[in-house]
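**Q** Sequence:
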Amino acid sequence: MAAAKATYMIVWKKSSQVYSAASLETAVKTPVPKGCTPEDKRILFASYLPDEETLCVYPITEEEINKIQQELETKKNVEE
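Numbering (my numbering), first residue to last: 47 to 126.
One should not assume that every hint holds.
To be verified - Straight line, CA to CA, 20 Å or less: simulated DMTMM-like cross-link-like pairs of lysine to aspartate or glutamate:
no.	residue 1	residue 2
1	Lys75	Glu99
2	Lys122	Glu99
3	Lys75	Glu85
4	Lys122	Glu71
5	Lys87	Glu117
6	Lys113	Glu125
7	Lys87	Glu99
8	Lys75	Glu108
9	Lys122	Asp86
10	Lys87	Glu109
11	Lys59	Glu117
12	Lys113	Glu71
13	Lys122	Glu110
14	Lys60	Glu99
15	Lys51	Glu71
16	Lys113	Glu99
17	Lys75	Glu110
18	Lys51	Glu99
19	Lys121	Glu85
It is worth saying that the hints were derived from the structure and are not from the lab.
Could you put the whole structure together from the sequences, leaning on the hints where they help?
**A** In structure tokens form, the structure reads like this:
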């Protein structure tokens with residue numbers, strides 16, 4: 047199987063499974079797994095620095111996630 051682009055990682059407080067997404071929009075839209083709540087969700091940005099051979103992982107802030115959610119809601123309402 048070919049590798050897929052995984053810029054964002056989605057993790058849940060009550061689950062050891064790591065999910066991935068190529069865009070922040072997709073990461074935000076990821077459904078809640080059974081046994082978890084929306085509050086358990088964490089989105090992380092991952093970037094590899096080839097010159098340093100280092101994987102960097104940064105948390106996405108709640109503010110940024112809320113902004114994307116509002117943009118998606120606005121987009122959905124305009125389309126309807």
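**Q** Now, for every hint given, state plainly whether the structure supports it.
**A** Here's how the hints hold up against the structure:
{"no.": "1", "hint": "Lys75 - Glu99", "result": "violated (31 Å)"}
{"no.": "2", "hint": "Lys122 - Glu99", "result": "violated (41 Å)"}
{"no.": "3", "hint": "Lys75 - Glu85", "result": "holds (14 Å)"}
{"no.": "4", "hint": "Lys122 - Glu71", "result": "holds (13 Å)"}
{"no.": "5", "hint": "Lys87 - Glu117", "result": "holds (19 Å)"}
{"no.": "6", "hint": "Lys113 - Glu125", "result": "holds (19 Å)"}
{"no.": "7", "hint": "Lys87 - Glu99", "result": "violated (28 Å)"}
{"no.": "8", "hint": "Lys75 - Glu108", "result": "holds (14 Å)"}
{"no.": "9", "hint": "Lys122 - Asp86", "result": "violated (25 Å)"}
{"no.": "10", "hint": "Lys87 - Glu109", "result": "holds (14 Å)"}
{"no.": "11", "hint": "Lys59 - Glu117", "result": "violated (26 Å)"}
{"no.": "12", "hint": "Lys113 - Glu71", "result": "holds (10 Å)"}
{"no.": "13", "hint": "Lys122 - Glu110", "result": "holds (18 Å)"}
{"no.": "14", "hint": "Lys60 - Glu99", "result": "violated (31 Å)"}
{"no.": "15", "hint": "Lys51 - Glu71", "result": "holds (14 Å)"}
{"no.": "16", "hint": "Lys113 - Glu99", "result": "violated (32 Å)"}
{"no.": "17", "hint": "Lys75 - Glu110", "result": "holds (14 Å)"}
{"no.": "18", "hint": "Lys51 - Glu99", "result": "holds (18 Å)"}
{"no.": "19", "hint": "Lys121 - Glu85", "result": "violated (23 Å)"}
The structure is inconsistent with the numbered hints 1, 2, 7, 9, 11, 14, 16 and 19, although it conforms to all the rest.
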